[in-house]
Structures are given as structure tokens and as C-alpha cells.
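The sequence shown begins at 1 in my numbering and counts up one residue at a time.
Simulated from the structure, these hints should not be mistaken for laboratory data. One thing to keep in mind: the hints can contain errors.
[As the list claims (entries may be wrong)] Under the rule of at most 30 angstroms between Cα atoms (straight-line distance), these lysine-lysine pairs were calculated in the DSS-like manner: (1) Lys470 - Lys123; (2) Lys575 - Lys306; (3) Lys470 - Lys335; (4) Lys306 - Lys432; (5) Lys123 - Lys575; (6) Lys335 - Lys371.
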Amino acid sequence: MDREETKGSSLWNKILAGIYFPALILFLEVVFNLSTVKTMNGSSFLLTLLFSLTIGAVCFFLTSILPVPVLNRILRVLLTVCIILVFMVEFFVFRQFKIFYDLNTVTAGAGGVMSQFTGDILKMVLSVDGVVHILLFLLPLILLFVLGRLLFAGRIRTVAALLILVVSFFASMVSIFLIGRQPVYEAAYSSEYNFQNAVSSFGLLTGVRIELWNKLTGKKANSGFDITPKAAESTPAPASGAESAPAESLPEEPEKPKEYGYSQMDIDFDALAASADDEELAELDGYCASLTPSKQNEFTGKFAGKNLIFFSAEAFSGDIIDPELTPTLYRLSTKGIQFTDFIQPASAGTTGGEFENIMGLMPMDGGSSMKETAEYNNYMTMGNQLNRLGYYGFAYHNNSMTFYERDRTHNNLGYSEGYMAYGNGMEEYVKKQWPQSDLEMVDGTFPIYSAHTPFNVYYMTVSGHSGYSKTGNSMTNKNWDRVEDLDYSDEIKGYIAANLELEDALASLVKQLEEKHLADDTVIVLCADHFPYGLDDDGSLGELEYLSELYGYNVETRLERDHNTLILWCGELEKEEPVVIDDPVCSLDILPTLSNLFGVEWDSRLLPGRDVFSDAMPLSFTTGHDWKTDKGYYNGSTGEFTQYDEDEELPEDYVSSIKSIVKNKLNFCQGVLDTDYYRHVFGDPDEVVSRIPSSESTEPASSESAAESAAPESNAS
């Protein structure tokens, strides 16, 4: 053993060793932020610096306390490599998906991505941009080997070790103090924590640290409900006049408007809370009990008994819709129910978007959210709701049946015939290519279910998947001649060409429905899984060149990025006046709206979205606590609210009230995932008794009224 190392390193060595990890982390954080979201301002830099000092001091302590110097060296190199790998993985994740993936999402999709998209990954990594950033991230490791022994202190003394821990603790306390003085940072760090905002504000390693801490301790950032008085979630009835007009001047009494009941079921949430063996379940019961159910309306049951075909369309954007190029998409979007302000929040890639569309919940556990429900009682899905009414049901996907473990999750969505994808039947109808054809999937499967009415079908498409080159995308290559003369860049042309396969699939589907005289009795719903993040290899909000070209404006916020088109069509609607929904709508509103339209059993208090035809307050929101109402929109990462009509007087606590409502809704989504909440309410799936709510009810059911009819063994009345 070296004599100098035995006695301890020189002061210079110790100083270099002491600043190595803080400098390493700060360097990586700055490079990472400037290469992704570019949000680092003065406050964010200071917080990132302090957190880098905190984490770096702990790393130095851990790599200096071993009694054998060579072990400290090895540990220091290993820790450096691990830290660099975290930054590199998240950098390339952001390059591909334009959002940061939390640990759950990275691990949930890692196997499938590596097995199916190896070529795309290598192309991205080996690009000029990829190689440059790999070298930047590896620079500290290269420096470590070049400087060698200068960066290695011997075993540190006890006093020095304590001093290092004190420095780390002090930096941490200063960070917490500064965060507490800025409400938007305080919320992002604690009560409104989400991975996106944490990484943007405090740095990647701090976001990962909080994620790991929550995992190890079982702590949920989104927990606890604020059920103090707040802004109403239902539209209040118009106030009556202060004085009555003289009797002789009263006009003839108009016909009394129809009274509608409430979208609710006979559930005694107070009794459920009292019998709950888990505190979180009791909190969820208390929250639901505090809500006022939304009202039924003239659209309640409008589609009762009709067939349903639901598409989650891979990377679809309504901006491709054109009366000449995509006549069927144009027909479905203009002849059905029209939504002028719809967003599809990007949360956890395709599986996150599917979760929103199918479950009507936000995927609070990232990419593993759907996987967690594989054994749950998914009582509220349209698959289960219509299955209880005797519908014939099937879920389809034209890519691998095991990707995102869909062979487990999609067999538990309530479709009577289960789930078919490439690997368990779809290969009979769809050729092996990349990506596979939506047209082939629809044409191959339509004869299966069209002979069984009423039917309920779910499609997860894949033809619109990135990338969009003629050589790398079979759908782009197939349809290129239809787009080559368009006034767009080749990247956008390739994207549109790939999505023309979805247009062709819908054209064929509608034609076959009409030939079988099923169009008037079939509802088609189409919603994206996420925005087309594969258009831009590089770029962040404000610098998304191709996405901005497609949208026709510079995309600067998450709400602008996630804007999209929701299609809700039925042949019967073409005979009526168009129905236009101008209020904000998001993917979580699809399930409650369909539940109302199909007249099935459902309770509006059990879903965070709203029936868009009801009196519930219009509200779109994301996992990042961004939200929109009919009054304005709120940026969760900056804490700024923009009011549409500055002359309109809003209640003083309007913004704080809506923030509270959004937080509660996200907490509810988290709670459902944590507890298998619908099993708590309705019992095991094989014990569920179908219950259709009475449309005659004009008052919300009281807790006491449901108590006697509740079945103790299943918590269902």
C-alpha cells in the first residue's frame, strides 16, 4: 500500500476529491437541461447547484470511508458510471418521447423497446447529435482516468467525514428553505410533485432521488384530499330575480323543463369508509362522498344498445384531417359530435395514453400503471360496462401481443372474447412488416365481431408509429405517392403518409358498416395515445420544428403540445344538426361521456373526468398540474394563470380552488392505482351485480338511503 495514501492525501488531493462529485453532477445537470427542456433560470440553477452539492458530498463520503484505498477508487469509478448512465438514458428517452420518463415508465417498457426498436435506438445513439452528447456525458469519466490519483483521497478522518455530512445537510436545508419561499417550486417538490416538473426545476438526480425515496418508503406525493369548501365542480343553477313581477304582468307560464336525474349509483361511501381496513381506502371513500354527482341530460341513453368501436390511434393528430386527403376522417370529425378544444395529455408514452382512454384515469405510476391493473376489478371500463349488458367484446392490436404486457392487461378490460394481437391470432390477418397495417387489422377482424350484435370493440393501432422515412416505415413508403406533392417538409409528408393507413382503415370500416346496415347503430370513437413525438429528433418546447409545422403555430407549452382531435361519430348523427362542444375536454372525459351516452350503470363521483353534456365544470388537466377551464389556463411548471377574458371578474380564490380540484382528482387517480379501489366499492368481479341507475331520481342519493341495500360481502347494493 502506498505510504502517502496510508497517511492520507495531500490537501490539494483532498480538495480535488471533495469537489469532484458536486462538479460532476452540476456539469451533467447543466448539459442535460440545456440539451432537453432548456428551463434553467437563475432560481433553478441555484437549486440545482445546492442539490448537486448535497448529493455530491454524500457520494464523496461513501467513496472515501473504506479502509482500503483501492476499494474507494473502484467504488468512485462505479458510482461515476452509474450517474452518467442515468443521464444518458434519460437524455435519449427525452430525444425520442419529448418528455421525461420516471423509473416506472423506463422499466415497464425497457424490454419491449430493446427487443423491437433496436434499429431505431442505434440510429439515434449513433447520430451526430447522439455521439456528441455521449462524449459530453462521458467527459467526467475521461477526466477521472486522466487525472488518476489526484482525484483519490485516502480514507478520510472521522472529523472530516462529519464535516462533509454537515456540508451536505446544510446545502439541503438551504435548498428546502429557498423552495419554501417560491410556491410553484414548493408544490413541485412536495404536494404536487411529478417527475416532469421536478427534473425541470431541480435537476434529474433530484427527481430520481424523490422517486426512489417514494418507492422505498411507500410515500405518494399525490395523496390526501382537500375537501374544504372550494369552487363548484358542477355548474350552479341560474340565480332567481331579486323581486317578482306583478301578477298581472306575468307572461303565460312556459312548459316546465324536463327534470333529469343524477349520474350516480346506490353506494354508501360513509359505510364503505367505516368498514375499510385501509386508511387510504377510507380517504377515497370520504372524497367520493364529498362530491356532488353530475346530472343526466338529454343525451343520456342516446346510444343505448348501439355497437361501439373505439380506436386508440398511435401518434394521431387531428391536424392531418383534410376533406380531400382524408375524407373519412373529415366526415367522422365533422358529421359527429365536434370537440373544438380537446387535449390528449402526454404522460407515459403509448401505454399512458391507453390508460387514460380506457380507464378514464391519469397514469400516476407512469408506464407501470396499466400493468398494475392486470389483476384489478376494472369495473368502470366500457368493456366491463357493456359486457354486463351482454355485449360481444374484443380488444385488438396489430403489433406484438406482449408489448407493455398487454397479454395480461388487455385480457382484464372486460371484453368478453379477450384480446388478440400479433402472436395470438392477428398474424393471420396482418403481414409482418414495420409498422403493421391498420387497414389489414380492421379488414381481417371486422367479420369476426360484425356477426355478433351488439358488439364492443377496442383497437390499438400502430401504423402511425415513428419514424417516418420511406426506408424505415412501411406505411410511409406505401402511401408516399399520395403526399409527395403536399406543401410540407419530407418529415411531415412521411408522417401524413403513415397515417393515411388509418384513414384507409376507417374508410373500409365505414363502408362495411354501411353495407351491413350497421352504420346507424354503431358508434366510432377515435382518440390519440399521445402527440406525434417522433417528428422531432431534437428540440424542446418552443423549438419543436416539425410539430410546429404540423400544428401551424410555435408549440411553447404542454397544453399546446397536447392539443388534438377527438372523434365521436354515429351514422345516426348525420341525420341531425351538428353537436359542437366548445368547452375544454380531455381524454379522461371520454369514458364518463360514453357511459352517459350508452345509458349504462356508472357513478360520476367515481371518475375524475366529466360527461361533457352534463352540468359538471369543464376542466382539462395533466399529471404536471397544467389545467384549462372555460375561463383560462394554468401552467403547472411556472404557476402562471392566463385568463381568456380579462374583463370578466372571477372569484378571488378561483385559481387556488381549481388547483385544489385538480390536485384532488390526481390524488384520486393515484388512490385507485394504490388500492384497487373499484374492488373495494364493488367487490370481486365475479360477485358484481349489474345495477342500472334510475333516471327518475332528481336528487343525489344520500348515504343512508343506500345502506340497507348494500351487500356486505361485495360492498355493492
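Here is what the structure says about each hint:
1. Lys470 - Lys123: Roughly 15 angstroms between the alpha carbons, so the hint for Lys470 and Lys123 holds.
2. Lys575 - Lys306: Between Lys575 and Lys306 the Cα gap is close to 16 angstroms, so the pair holds against 30 angstroms.
3. Lys470 - Lys335: violated, 33 angstroms
4. Lys306 - Lys432: Measuring from Cα to Cα gives roughly 34 angstroms; hence the hint is violated.
5. Lys123 - Lys575: violated, 50 angstroms
6. Lys335 - Lys371: violated, 36 angstroms
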